[in-house]
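Position 355 (the sequence shown) corresponds to 354 in numbering that gives the first Met the number 0; numbering is contiguous.
Hints were generated in silico from the structure; no laboratory data involved.
One or more of the hints may lead you astray.
[As the list claims (entries may be wrong)] Here are the simulated EDC-like cross-link-like pairs (lysine to aspartate or glutamate), alpha carbons at most 20 angstroms apart as the crow flies:
(1) K357 / D327
(2) K357 / E323
(3) K142 / D37
(4) K142 / E113
(5) K357 / E329
(6) K142 / D68
(7) K357 / D326
Since the structure is predicted, the reported quantities are computational estimates derived from the model, not experimental observations.
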Amino acid sequence: MPLVVDHRPHAATPDAAGGPRQLTVQLLATRTAPVGVDVASAAVVIAAAAGQPFRGASSLPPGTLWLDDASATACSEATTGAENVLRRGSAALVVAPGLATRLRCELPGLPMLEFTVAAGGTELTVRHRAPDTQHEERLHLGKPLTAGGSGALFVPGDTPPVAGHMLVVTDTGPAPTTDLAIARAAAAASPPPNAAAVDVWQLALAAVGEHNRRPALLALARTGPSPRAEDLLLAADERALITITSALQQLGCTTMPSAWQFEGTLWRALLPRAAREELSPALYACFLRHLGAAAIDTSLLQELLAGCADGGAFATGLLAANLEALDDREAAVRVRASDWLGQHGVTVPDYEPFAPAKQRRTALRRFQLATTTEPR
Numbered sequence: 000m001p002l003v004v005d006h007r008p009h010a011a012t013p014d015a016a017g018g019p020r021q022l023t024v025q026l027l028a029t030r031t032a033p034v035g036v037d038v039a040s041a042a043v044v045i046a047a048a049a050g051q052p053f054r055g056a057s058s059l060p061p062g063t064l065w066l067d068d069a070s071a072t073a074c075s076e077a078t079t080g081a082e083n084v085l086r087r088g089s090a091a092l093v094v095a096p097g098l099a100t101r102l103r104c105e106l107p108g109l110p111m112l113e114f115t116v117a118a119g120g121t122e123l124t125v126r127h128r129a130p131d132t133q134h135e136e137r138l139h140l141g142k143p144l145t146a147g148g149s150g151a152l153f154v155p156g157d158t159p160p161v162a163g164h165m166l167v168v169t170d171t172g173p174a175p176t177t178d179l180a181i182a183r184a185a186a187a188a189s190p191p192p193n194a195a196a197v198d199v200w201q202l203a204l205a206a207v208g209e210h211n212r213r214p215a216l217l218a219l220a221r222t223g224p225s226p227r228a229e230d231l232l233l234a235a236d237e238r239a240l241i242t243i244t245s246a247l248q249q250l251g252c253t254t255m256p257s258a259w260q261f262e263g264t265l266w267r268a269l270l271p272r273a274a275r276e277e278l279s280p281a282l283y284a285c286f287l288r289h290l291g292a293a294a295i296d297t298s299l300l301q302e303l304l305a306g307c308a309d310g311g312a313f314a315t316g317l318l319a320a321n322l323e324a325l326d327d328r329e330a331a332v333r334v335r336a337s338d339w340l341g342q343h344g345v346t347v348p349d350y351e352p353f354a355p356a357k358q359r360r361t362a363l364r365r366f367q368l369a370t371t372t373e374p375r
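Could you put the whole structure together from the sequences, leaning on the hints where they help?
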């Protein structure tokens with residue numbers, strides 16, 4: 000099982016006077032759970048993109064343990080007891096001032112480990128995404144890893160006879176010069192985040208409550224800008240704002256999305272609620288105002304959103320959908336389409352939504368012939 004190591008630039012703290020160190024990490028599948036302390040108790044700070052229900056809470060599986068250097072005997076037994084351990088992978092990595100070294104494994108449920116230089120040794124941070132919200136959680140462990148020391152993170156799970164997996168970290172001495180140069184080059188090549196974008200995204204994604212979410216999301220929408228998206232956010236109730244925020248998390252927070260990327264995400268996020276007729280009156284009115292007859296047929300709207308690459312294509316699709324709806328069997332659909340077209344400067348001469356079918360179709364045929372032979 001490969002362990003992937005990458006390096007990012009990191010602002011070193013003033014008291015981080017330690018030199019570059021080399022660490023080895025082993026991934027072990029264990030038959031029995033080791034003796035250690037709950038990882039939330041070992042952490043001095045638990046930070047997350049969303050508030051935790053109470054101090055000391057963690058979304059890691061119950062029974063996740065941290066074994067510090069005081070539990071070196073347990074670590075040693077875990078690495079030497081061949082009858083109780085299956086070695087699934089190992090990696091060597093470099094930790095140095097100005098670097099954040101991250102190690103991840105593709106096994107489901109295993110968190111990422113981040114190593115940075117701190118006063119007294121190497122600081123470890125457990126980075127984990129909560130399965131229900133996908134908010135990243137960061138547990139900063141209290142005791143740094145000292146020179147020659149070791150520690151281990153045990154995560155329960157899997158199926159018998161495997162009790163769980165353990166990531167055993169050992170400081171093996173000063174980092175080789177060649178490895179340090181490679182690590183620094185990899186960190187320099189990593190794309191720098193857009194600080195302004197990150198700030199705006201973090202504000203929008205971390206806001207709690209309707210009165211905090213709405214202005215934060217509006218600030219994000221106005222970087223586009225996108226008038227339809229702004230109107231949706233102004234009309235959305237708190238449940239809709241939560242749904243929108245969850246959908247926007249999938250876009251990432253290192254670069255600003257395009258206006259259409261942002262707006263399209265909002266429409267797609269609200270489609271399931273529209274299909275179940277769960278939109279608030281204000282939000283449903285917003286749908287009708289901007290979509291016309293397309294707001295009534297959510298399957299048509301879904302196909303339209305899937306086929307549009309930008310806001311211009313979406314506007315063209317809405318125009319075609321509402322023109323087609325003028326010949327719908329339902330009078331309510333025809334009225335919605337006619338009103339929407341009128342608001343967007345499109346008039347079909349001699350067309351009346353409540354006129355007999357023959358009269359309506361005659362007007363539509365004349366309009367189609369005129370628009371296909373003469374550019375409007």
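To see whether the hints hold, each was checked on the structure:
With a C-alpha separation of about 13 angstroms, the suggested pair K357 and D327 falls inside the 20 angstroms cut-off, and the hint holds. With a C-alpha separation of about 16 angstroms, the suggested pairing of K357 with E323 holds against the 20 angstroms cut-off. Taken as a hint, the K142 and D37 pair is honoured in the structure, with Cα atoms around 14 angstroms apart against an allowance of 20 angstroms. Between K142 and E113 the alpha-carbon distance is near 14 angstroms, which keeps this suggested pair within the 20 angstroms criterion.
A distance of roughly 15 angstroms separates the Cα atoms of K357 and E329; the hinted pair therefore holds under the 20 angstroms criterion. Taken as a hint, the K142 and D68 pair is honoured in the structure, with Cα atoms around 9 angstroms apart against an allowance of 20 angstroms. For the suggested pair K357 and D326, the alpha carbons sit about 10 angstroms apart, so the restraint of at most 20 angstroms is met.
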